[in-house]
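Novice: Chains G and R supply the protein sequences, listed in that same order. Position in the first sequence (from 1) plus 1 gives the number in the numbering used here. Position in the second sequence (from 1) plus 758 gives the number in the numbering used here.
Please keep in mind that the hints were generated in silico from the structure rather than gathered at the bench. Ideal Cβ placement from N, Cα and C applies to all residues, glycine included. Please note that the accuracy of each hint is not assured.
Stated by the list, open to error - Away from chain G, derived, C-beta distances all over 10 angstroms, residues of chain R:
#1 D811
#2 A817
#3 R866
#4 D982
#5 A1001
#6 A1033
To be verified - EDC-like, lysine to aspartate or glutamate: derived pairs with alpha carbons at most 16 angstroms apart:
#7 R:K1062 <-> R:D1051
#8 R:K1062 <-> G:D314
#9 R:K950 <-> R:D998
#10 R:K954 <-> R:D921
#11 R:K1062 <-> G:E317
#12 G:K266 <-> G:D207
Each chain, letter by letter, is given below.
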Amino acid sequence: MDIGKELLLEMYRRMQRIRQFETRLKDLTIRSEIPGFIHLSIGEEASAVGVCAALRPTDRITSTHRGHGHPIAKGGELKRMLAEIYGRRTGYCKGKGGSMHIVDYSLGILGANGIVGGGIPIATGSALAARVMKRDDVTACFFGDGAANEGTFHESLNLAGVLKLPVIYVCENNGYQVFTSAASVTAGGSIAARAQAYGMPGFALDGNDVLEVYRYASNAVARARAGEGPTLLECRTYRWEGHVVGENAFGGRPYRSEEEVAAWKARCPIVQFEKRMLESGRVSREELDQLIAQTQAELDAAVEFARSSPLPDPSEAAADIYG
Amino acid sequence: MARITFIQAIFEGLIEEMERDPSTFVLGLDVTRGTFGRAAGFFERFGPERILDMPLSEAGFVGAAVGAAMAGTRPICEVQFASFFYCAFDQLCNQAAKLRYMSGGQARLPITFRTRCGAVGGAAAQHSETVYPQLLSVPGLKLAVPSGPADAKGLLKSAIRDDNPVVVFEHLALGGSREEVPEGEHLVALGKAAVKREGRDVTVIAIGAMVPKALAMAQRLASDGISVEVIDPRTLIPLDEQAILASVSKTNRVVIADEAHLHGSAASEIGCMIAEKGFDYLDAPIKRVAAMDAPVPFSPPLEKAVIPGEQAIERAVREVLG
Ligand SMILES: Cc1ncc(C[n+]2csc(CCOP(=O)(O)OP(=O)(O)O)c2C)c(N)n1
Ligand SMILES: [Mg+2]
C-alpha cells in the first residue's frame, strides 16, 4: 500500500499531538491543576492514529476512559479538550464530562466512556444506524483488553456479526486491566481469535506500528463500507504510564517489572515511525521538527485557553439534563 | 481499642471473618493488590484460592458469587464502584435478591457485596452515584451504609455472617476517616440505628457520608443554642423505624440528609415512613436534603451545586425550626 507523504506527515502530527498533550497533562495533573482521574495513553498513539487515519470525517468513533488519544486522532481540538479536563465552561462538554468523557459530535466522536465496555454496544448501534439510513459511513470502536471480557463485547460482536454491521472493533491490548495482567484473565490467550466465533475476520497486529495499523484498518473500513461486515483488530501495545496519574498513591505491590516497561519504551511508536520515514528519504528531519514546534505552540495556547476560561456557573448544573 | 481508618477497619473485619469461616472467599477486580486501600499481607495470608482477581466481567462475577453461594460458600464480592452494579443488575436484582424466595426458601444466599459510592470531586456522573436508592425497592437485598470506621467494621462482619445478600456501601470520601475501633468481636446488627449525637430540638437523620457533615453542623449550631439529635440508620434495609420514630417523638422536627438524588432517595422513603407512622409527633413539615436531580457533573463548582453539603443541612434545620 502506497501512503502519500501528506498522509504520513499528518499521522505523525497527530501522534505528536497526542504525546505532547498527554505529557503536558500529566505534569498539570501532578501539579494539582486538574480534578478527577486522568488515564494516559502515552505509548499507545499508533493504534488511535492508524485507525482514525483510515476514516473519513463523517465516520464515527467511540472511545474509553483512556480517552484523549482517540479524539485527538479523529481531529479533536486540543483547547476545548483541555478546557473540559479543567472543568471549564468552554470545554467540549461545558465541564459536565471531564477527562473520561470527551465528545465532539461534529467530528463523529460519540464519546469517551467511564464504564469499561460501555462504548462497544454504542459503536455497534452507530453502525446499525448507518445501515438503517442506507449510508456508507463506518464506526470504529476503541476498547481495551479488559473490556474484551465484558458481556457487552461478546453481545455486540455477535450482533454486528449476524447483521454484518459496518463497524471496526479495535482492541488496544496494552497488557493490563489496571494491575491485573491481561494474560491472567483472558481465556484462550488471544482476543483476535474471538472474532472467528462471531463470524468476522480478526487480526492481531503490532499496535506500535502506525503503518501496520493503518493498513489493516483501511482494509477493514473498505470491507465495512462495502457492506461485508465487521472486523476485529487486536493492537498489541503498552501503556507507559500508570493506570491513572498518581497510581503510586494507590500503593500495593508492583505489578510489572522495570525491564518490561523499558523494553516497550524502546519500541516507542513515534520514534519507530520517525526512523522509518527518515530512512525512506521521503521526509526530512526539519519537516518533523517543524510539526513538533507547531504542536508545542498550539498546546501552549490550549493550556492558556483552559486556564483562563471561566468555570461554569453553579446554575448550569441543571442545564442539559433533558432536551 | 485502636484509632484506625475506615479502610483499615474494613480489612480488620474482613480478615477476622475470613479466619473465622473457611467458606468465605473474596472475588473482584484487583482484589489481590487492592485498589482503594489494602492491608499488608492480606493476599499472602489467604492466597489465590481465597482471593481471586476477576476479569472485567461484572455480570459474570456478581453472578458467580450467586452461584457459589448457592453451592455452599460465603462469597465476599467487591464491585469497585457502585455505579458498576448497573452492569450486573440482573444478577443482583433478579437472581441474588429473589432466588431464596422463588425457590420457596431452598436457596441460601449468604453474599456480601462491598462497593464504593458517592461523589468525591471530579469523578463525573458514571463514578459518583450512591446507587442504594435503586436497590431500595428490591426485596431480598439488605443495604448497609456505614458512616465511620467502627460501624464499617461491625456492619461488614454482620453482613458476612448474614445468610442473605447484603450490599455494603463504602463512601469513598470516608476512606481516610479515623476513629477508635473495637478489636475482635465487634458486631453491629443489621437494622439497628445509632444515635450519633443526642439533642432536643430537631432530629437529623443522616446517611453515610452525610453523618460527619451533620455532626459538624450540629456542633456549630450548639453554640447558637440549637440542640440537634443526629441519627444514623446504618442500614436502609432493614430500617430501624423504632429508633427513628423515638427520636422524632422527642424533637418533633425532622430533617433527612441523603447524598442520593432527591427522587426516590432513601430520604424520601424514610420521610414517607415518618409521615405515615409519626405524623402526630410532627410540629413542622419533614424536610429532605438530597442531591439535585441531575447526573453528578464533573466540574467541581457544578458538583458542589448538586451534592448537598453542611450548609444545606443547616438551612433545612433552621427552616424546620421556623
Ligand atoms: C464496568 C467497569 N468496571 C470497572 C471499571 C474500573 N476500571 C476503569 S479502567 C479499568 C481497566 C480497563 O482495562 P482495559 O479495558 O484493558 O483498558 P486500559 O485501562 O488498559 O486502557 C477498570 C477496571 C470501570 N470503569 N467500569
Ligand atoms: Mg488494558
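Novice: Give a verdict on every hint.
Specialist: How the hints compare with the structure:
no., hint, verdict
1, D811, "5 angstroms, violated"
2, A817, "5 angstroms, violated"
3, R866, "26 angstroms, holds"
4, D982, "27 angstroms, holds"
5, A1001, "34 angstroms, holds"
6, A1033, "27 angstroms, holds"
7, R:K1062 <-> R:D1051, "13 angstroms, holds"
8, R:K1062 <-> G:D314, "11 angstroms, holds"
9, R:K950 <-> R:D998, "5 angstroms, holds"
10, R:K954 <-> R:D921, "28 angstroms, violated"
11, R:K1062 <-> G:E317, "12 angstroms, holds"
12, G:K266 <-> G:D207, "14 angstroms, holds"
Checked against the numbered hints given earlier, the structure breaks hints 1, 2, 10 and satisfies all the rest.
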